[in-house]
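Protein sequence lines, in the order shown, are assigned to chains V and H. Counting in my numbering, the first sequence runs from 46 upward without gaps. Counting in my numbering, the second sequence runs from 15 upward without gaps.
Bear in mind the hints are in silico, worked out from the structure with no lab data behind them. All values reported here derive from a predicted model rather than from experimental measurement. Don't take every hint at face value.
[To be verified] Partial chain V-side listing against chain H, Cβ under 10 Å, derived:
1) L299
2) I307
3) I364
4) L367
5) E368
6) L373
7) I383
8) L508
9) K512
[To be verified] Here are a few chain V residues that sit away from chain H, every Cβ distance over 12 Å (derived from the structure):
10) F382
11) L384
12) G387
13) F390
14) N410
[What the hints assert, rightly or not] List time: in silico EDC-like cross-link candidates among lysine to aspartate or glutamate, alpha-carbon distance up to 20 Å:
15) H:K492 / H:D481
16) H:K216 / V:E368
17) H:K173 / V:E378
Where a beta carbon is used, it is the ideal one built from N, C-alpha and C, also for glycine.
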Amino acid sequence: MIQIKWLENRKMQLLFLLIITLIIILLPTIIRILHFKEIILPGDAIYYDIRIAEDIHSNNLLANDELVFTQTNYLFNPIHYLYMLFFIIMPPNIAIFLLTLFFSLFSIYLLYKIMETLAIEDNYKIITLILYILSPIFISSTIFISKFTLGILLFLLLVYLVILNKNSIIINVAIISLAILLFYISFPFLLFTIIFLFFYSILAKTSIKKPIIICAIIISIILLLHQIPISKQFTQLPERTIYSNIFQETISDLGSIIGFGIFSLLLFSVGLYVLWKKSYITKRQMMLIFVMLIITYYFSEGKYLLNILVCIIAATAFIYLLEKQWELSLIKEISLFILILGVIFSGLSTVARITIVSPSLNEYNAVRFLQQQYNNQDINSKGYVLSYYKYGHILQSIPGNNNNNNKIPVFLDTRSYESSNYFDQFTIANEIFYSRDIRKTTQLLSQSQIKYIFITPAMKSGLVWKKENQGLLFLLKNSERFKNIYNNNSIEIWEFS
Amino acid sequence: MRKSIYILFTIFLLAIAVRLFFAFQTPYFTNNDSYFHIRQIEHIRDTGFPLFNDDLSYGGRKYIFLPIFHYLLAFFALFMPILFTVKIIPAILAATTILLVYLIVKRFTKKEEVAILTAFISAFIPIFFKETINVLSLYSLTIPLTLLLLYFFMDISSKGSAMLYVLVFIIFLFTKPTIMLIIASFMIYFIIIKIESLPLGKAEMEIAIFSLIFSLWFYLLIYKNAFYNHSYAFLWHNVPIKYFTDYFQQISILQAIYQIGIIPFFCGIYIISSFMFKKKDKAMYLLISIVITTTILMWFKLIELNLALIYLSIFLILLFAKFLDIFLEYISQTKLNHYYDYIIGIIIIIFLVTSCIPSFQFAVANVATATKQYEVNTLLMLFATSPQDATILGSVDDGHFITYFSNRKTVADGNFLLIDNINERINDVDAIFTAYSKIKASELLDKYSVDYIFLSENTKQQYNLSDLRFIDEKCFDKIDEYNVTVYKNKCKVTIE
Numbered sequence: 046m047i048q049i050k051w052l053e054n055r056k057m058q059l060l061f062l063l064i065i066t067l068i069i070i071l072l073p074t075i076i077r078i079l080h081f082k083e084i085i086l087p088g089d090a091i092y093y094d095i096r097i098a099e100d101i102h103s104n105n106l107l108a109n110d111e112l113v114f115t116q117t118n119y120l121f122n123p124i125h126y127l128y129m130l131f132f133i134i135m136p137p138n139i140a141i142f143l144l145t146l147f148f149s150l151f152s153i154y155l156l157y158k159i160m161e162t163l164a165i166e167d168n169y170k171i172i173t174l175i176l177y178i179l180s181p182i183f184i185s186s187t188i189f190i191s192k193f194t195l196g197i198l199l200f201l202l203l204v205y206l207v208i209l210n211k212n213s214i215i216i217n218v219a220i221i222s223l224a225i226l227l228f229y230i231s232f233p234f235l236l237f238t239i240i241f242l243f244f245y246s247i248l249a250k251t252s253i254k255k256p257i258i259i260c261a262i263i264i265s266i267i268l269l270l271h272q273i274p275i276s277k278q279f280t281q282l283p284e285r286t287i288y289s290n291i292f293q294e295t296i297s298d299l300g301s302i303i304g305f306g307i308f309s310l311l312l313f314s315v316g317l318y319v320l321w322k323k324s325y326i327t328k329r330q331m332m333l334i335f336v337m338l339i340i341t342y343y344f345s346e347g348k349y350l351l352n353i354l355v356c357i358i359a360a361t362a363f364i365y366l367l368e369k370q371w372e373l374s375l376i377k378e379i380s381l382f383i384l385i386l387g388v389i390f391s392g393l394s395t396v397a398r399i400t401i402v403s404p405s406l407n408e409y410n411a412v413r414f415l416q417q418q419y420n421n422q423d424i425n426s427k428g429y430v431l432s433y434y435k436y437g438h439i440l441q442s443i444p445g446n447n448n449n450n451n452k453i454p455v456f457l458d459t460r461s462y463e464s465s466n467y468f469d470q471f472t473i474a475n476e477i478f479y480s481r482d483i484r485k486t487t488q489l490l491s492q493s494q495i496k497y498i499f500i501t502p503a504m505k506s507g508l509v510w511k512k513e514n515q516g517l518l519f520l521l522k523n524s525e526r527f528k529n530i531y532n533n534n535s536i537e538i539w540e541f542s
Numbered sequence: 015m016r017k018s019i020y021i022l023f024t025i026f027l028l029a030i031a032v033r034l035f036f037a038f039q040t041p042y043f044t045n046n047d048s049y050f051h052i053r054q055i056e057h058i059r060d061t062g063f064p065l066f067n068d069d070l071s072y073g074g075r076k077y078i079f080l081p082i083f084h085y086l087l088a089f090f091a092l093f094m095p096i097l098f099t100v101k102i103i104p105a106i107l108a109a110t111t112i113l114l115v116y117l118i119v120k121r122f123t124k125k126e127e128v129a130i131l132t133a134f135i136s137a138f139i140p141i142f143f144k145e146t147i148n149v150l151s152l153y154s155l156t157i158p159l160t161l162l163l164l165y166f167f168m169d170i171s172s173k174g175s176a177m178l179y180v181l182v183f184i185i186f187l188f189t190k191p192t193i194m195l196i197i198a199s200f201m202i203y204f205i206i207i208k209i210e211s212l213p214l215g216k217a218e219m220e221i222a223i224f225s226l227i228f229s230l231w232f233y234l235l236i237y238k239n240a241f242y243n244h245s246y247a248f249l250w251h252n253v254p255i256k257y258f259t260d261y262f263q264q265i266s267i268l269q270a271i272y273q274i275g276i277i278p279f280f281c282g283i284y285i286i287s288s289f290m291f292k293k294k295d296k297a298m299y300l301l302i303s304i305v306i307t308t309t310i311l312m313w314f315k316l317i318e319l320n321l322a323l324i325y326l327s328i329f330l331i332l333l334f335a336k337f338l339d340i341f342l343e344y345i346s347q348t349k350l351n352h353y354y355d356y357i358i359g360i361i362i363i364i365f366l367v368t369s370c371i372p373s374f375q376f377a378v379a380n381v382a383t384a385t386k387q388y389e390v391n392t393l394l395m396l397f398a399t400s401p402q403d404a405t406i407l408g409s410v411d412d413g414h415f416i417t418y419f420s421n422r423k424t425v426a427d428g429n430f431l432l433i434d435n436i437n438e439r440i441n442d443v444d445a446i447f448t449a450y451s452k453i454k455a456s457e458l459l460d461k462y463s464v465d466y467i468f469l470s471e472n473t474k475q476q477y478n479l480s481d482l483r484f485i486d487e488k489c490f491d492k493i494d495e496y497n498v499t500v501y502k503n504k505c506k507v508t509i510e
């Protein structure tokens, strides 16, 4: 095994890992700032979260979102309250940026402390953490900050408290509270917590009574809270994930923005085999890992936590391959080099994708123009904006110029798209996008109270339309009912009358 | 030994001579894809780079392919006329299969005459002839590379073999993704070795792991976009549903035997049954693994039928070598030893009848169905007279050929990767050729901005036409100069 002297010092180890984390996490942000000359947060969900946090702060939070045609229900999300606290003292962009750094660095620190407490060898520790830092799921979950980012942190905190193995009431209460909070963040997170409690008791060879009792208390409290009407509305069990293409949706190298690197999965498979062959893992522990895989298959949110396990076992495999005596030493070096390249490539390609994700500066400016346009409208003639659902939150929630707080209501956004209750609206949107029948399209637009249509270059090159003059694109250019009010850098805004 | 080398090279030269004899019967090619390869070779010769962004195919598209075969031929095209390059070099490459079969058989039988005889048989594999005579095909390079890879793998522990394996492996990576079949075969091989409790070579395992990791990483880099665009359909090259059965069809046993060769087929099967879980021989298990893997992939339509049959042929011939070894050994120990030479003669005669004759039949058929001079003349006429941005509609099978000779845009050809809505496009092409209604046909012609319709004999046969049914003089001018019908589209659809 390669020994690096300065990494034998624990403080240096941690510093090294935190610096790598900083570099990886700051890279997409810095590139975006250099490119756009201002801080434009990537992704669409963050804009929704910021808006809700601001509404909570100004006591304007509503049960139903009025800025979307589907009037989607508000679902409790602890991260909104966390944002609200930060927004009191600093602007949202800065707050999100600092929280991104905090979540990423503190997650790495916690994971490091967990492995240190478990007396794991330095080699395994460093490689696990490097694999984790470079994992697409870690990078995406930290940059596209969401409740899952908070959930990962809370889970790691819970794990740390458990492995401290202290019979303190305060720690046990903290563990139970964290578990309940994790339930409200994501149901699979709670399942993973329960599995971990049993997994650890097998690993530490402690009595199974304690995890049983703790789980019983957690479940009882959740059921109790579920009886309270206010709490009940915060609870939503996730629907089973339906994959149209499981590989494209779970492997980052094949398309998933929140997915596993293919080489990490390869190492994970090798690692499982090695652990099993060398009897480092018992049958029960293997079964629990298998259960975690099944949970992740049914509830894709489990990926966030499964990623930690994947990195730990992948590190085992990597060290096994590294320490094994190969007959062909050059082949060994090339193979390990490619594995390292593959892992780095997965991480860096995720970083590259994040730098170009919406909204771009052009889209940002277009939305601000639309906000101004919208403000100048007579209140009776205001309507919804139709665009691809992924632009929904961006259109609703991008902060306006000159403290203009008027938000634009949209026909569809990501939250309504992802809920199965609004399939009709999704169908209507598709009919409008693809139909060349002017009467049908105008009828649907009128019924849906759509006033504006927001079109980006991505929508015209595959996201919605694959050809020029397809469907609505043809009607926009050929019908007097549509007026082009904005056309800049291939972004178009059309007004329907 | 020296005598064997002379015989081997005689067989090698004979195979080249036979191939070139058939290839030079016509200056053109049988297979439409050959013209795609020629365009790439010429582009590399002229610019140093492959033509990845093509303005002509499908009216403008990007290609994803591995260019080493094209670079190799482009190198020779610097010194030789293009026609000689594309006819001679692939013939030589395909013929090297003979030398490699000899080397592999020599390695596991240690017998000169068995190796020579097997090499001779491998010179005339019907399906390999069909896919490489007068066809510019990647198989000419991938099959020899496969054999070379296996040759080095079989002796991977010896000095130098590992490096040579890596070198050949990297070249193969840049040729065709068929390498994944070999890697999958290694996995099957290891499973069989484990079941048979034979010692598993560390070097073998290491080289297999290396091959898996390297190829996974490499093809991920190359084909990532194709996977993004086509999802699972990428595994089947985004072949439209209509052509799926042609590319990945099932085949009857009789057809398989005919295309593989009777002797290699039955003797190879006999060896598989003898060695599987009975006699223990690592070399045999390696060959058997490839046969099993190819059969499984063919069964699940993950590999083109023709490629599967070629692989099965080659490896059943190698297994046949083992049969021959055992059989001749047996003969030499019995009273039939007196007739040893006659028995070999009988084997050769049986082989000539069952493999050579079908091979020649395929070769003759290939030459007969090669591109006709009058079709080329028609396209050259279009090149001279049509506007540079004109679009010519032909059948999918004529696509590359039209592009090559006319240097004009086409609507569709046989390279489907990275083409969106391929099923819709193919259905539209079919609809145009089979349309009765001028309005319907004109709408579709307008959709693809078609200026000319090229109606070859091949197209007429495919659609069972004597002529297009929607043609009228108002909208279409008929050009019939070289006995190939071309229609010029004069009308465009407008919206009032």
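Structure-based check of each hint:
no. : hint            : in the structure
1   : L299            : holds, 5 Å
2   : I307            : holds, 6 Å
3   : I364            : violated, 15 Å
4   : L367            : violated, 13 Å
5   : E368            : violated, 14 Å
6   : L373            : holds, 5 Å
7   : I383            : holds, 5 Å
8   : L508            : violated, 13 Å
9   : K512            : holds, 8 Å
10  : F382            : violated, 10 Å
11  : L384            : violated, 6 Å
12  : G387            : violated, 5 Å
13  : F390            : violated, 8 Å
14  : N410            : holds, 29 Å
15  : H:K492 / H:D481 : holds, 11 Å
16  : H:K216 / V:E368 : holds, 15 Å
17  : H:K173 / V:E378 : holds, 17 Å
In the structure shown, a violation is registered for the earlier hints numbered 3, 4, 5, 8, 10, 11, 12, 13, in ascending order.
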